[in-house]
Amino acid sequence: MAEYINIKGTSVEVLASDPANPTVGQIWYNSTSNTLKGASLTGAAAWASGGNLATARSRAGAGGTQTAGIAFGGAPNTAATELYNGSSWTSSGSLSTARQGLGGCGDQTAALAFGGEGATGTQSVTEEYNGSSWTAGGSLPVAKKFMGSAGTQTAGLSFSGTEPGATTATTSEEYDGSTWTSGGTLTTGRYHFGSAGTLTAGLAIAGSTPSATTATEEYDGTTWTTGGNYPTVRRGNAGTGSQTAAVGFGGTSTSPAAPGMTGLTALYDGSTWTNSPASLSTARIELPGAGTQTLALAIGGELAPGFSAATEEFTNAGAPLVETITSS
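Numbered by our numbering, the letters in the sequence shown go through residues 38 to 365 in order.
A portion of the hints provided could be inaccurate.
[To be verified] Label-pair restraints from in silico Cβ distances:
hint, residue 1, residue 2, range
1, ALA354, ASP213, 34 to 40 Å
2, GLY258, PRO201, 25 to 31 Å
3, THR363, PRO113, 21 to 27 Å
4, ALA173, LEU78, 43 to 49 Å
5, SER128, THR260, 37 to 43 Å
Honestly, the hints are just simulated from the structure, not real lab data.
Beta carbons: idealized from backbone N, C-alpha and C, even for Gly.
Work the whole structure out from these sequences, hints included.
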């Protein structure tokens, strides 16, 4: 029988975890789960159940990829941090300041947490994660909660949200790894909304104005401009991906939330949103997202009533699909 090395000219990779962005046809051995795996091409968009959070929560900060995600903070007011390996969550170092409705970006080894609502009210505190623990960073110029977030630990973006006194902000703040400075102004101030992208290519998706909106705005590092409208009005929705390849999901069209919660999923190509045939198995609001448009994570959220520990994994049509290889 021909061996893999003779067919491909190389041996099978041995990895401690599945690769974050596998290519179609890639084969590897996962030494943690002791399984042979490969990436095939998915034929349809779908959400699948992942491992549950140890701490059910909504309004958390999040970052990373589908196979290397991070979630921190959230409601009920917690400082808990958890890391996702593509199948299960494990606890890590806690935030110094417990809070919900905070901004979050970055990845498992370099995440950024900022703002939010804590025991003493709306926060301006920023914390930086190094893969195991959180340390203080530069404070936001103005305390905020329920804002949008994008970027990395050294190039972060905070935008809109609410300030003390329930004022809806239209301002943006940019982080360089130590200091926040003022950025561009949004046309439509909002809170409880989805967000995606980077410091120089951010995306604000629907949200409360205070009524639910379809408005999308795009940031180029200087100026916010109007993008394509979301398919339906949404608040408490999530987003992830990039400015030209984003995915939005969850949320509600009503207030109070319970009657209108949805698993609706939509895709953005940089100009137009289209509904995906896939929908979250558990309709919910106030959940963060992580990953890309093709391989995304939906993390926790708020139910009617209570908080969710559910994790769901999105694979878009035509994306690499990780499968376990077994002998026949």
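Here is what the structure says about each hint:
Between ALA354 and ASP213 the beta carbons are some 38 Å apart, a value that agrees with the proposed interval 34 to 40 Å. For GLY258 and PRO201, the hinted distance range of 25 to 31 Å is satisfied, since their beta carbons lie about 28 Å from each other. A C-beta distance of roughly 42 Å is found between THR363 and PRO113, which places it outside the suggested range of 21 to 27 Å. For the pair ALA173 and LEU78, the supplied restraint of 43 to 49 Å holds, since their beta-carbon distance comes to about 45 Å.
Between SER128 and THR260 the beta carbon distance is about 41 Å. The supplied range of 37 to 43 Å therefore holds.
The structure does not agree with numbered hint 3 stated previously, though it agrees with all others.
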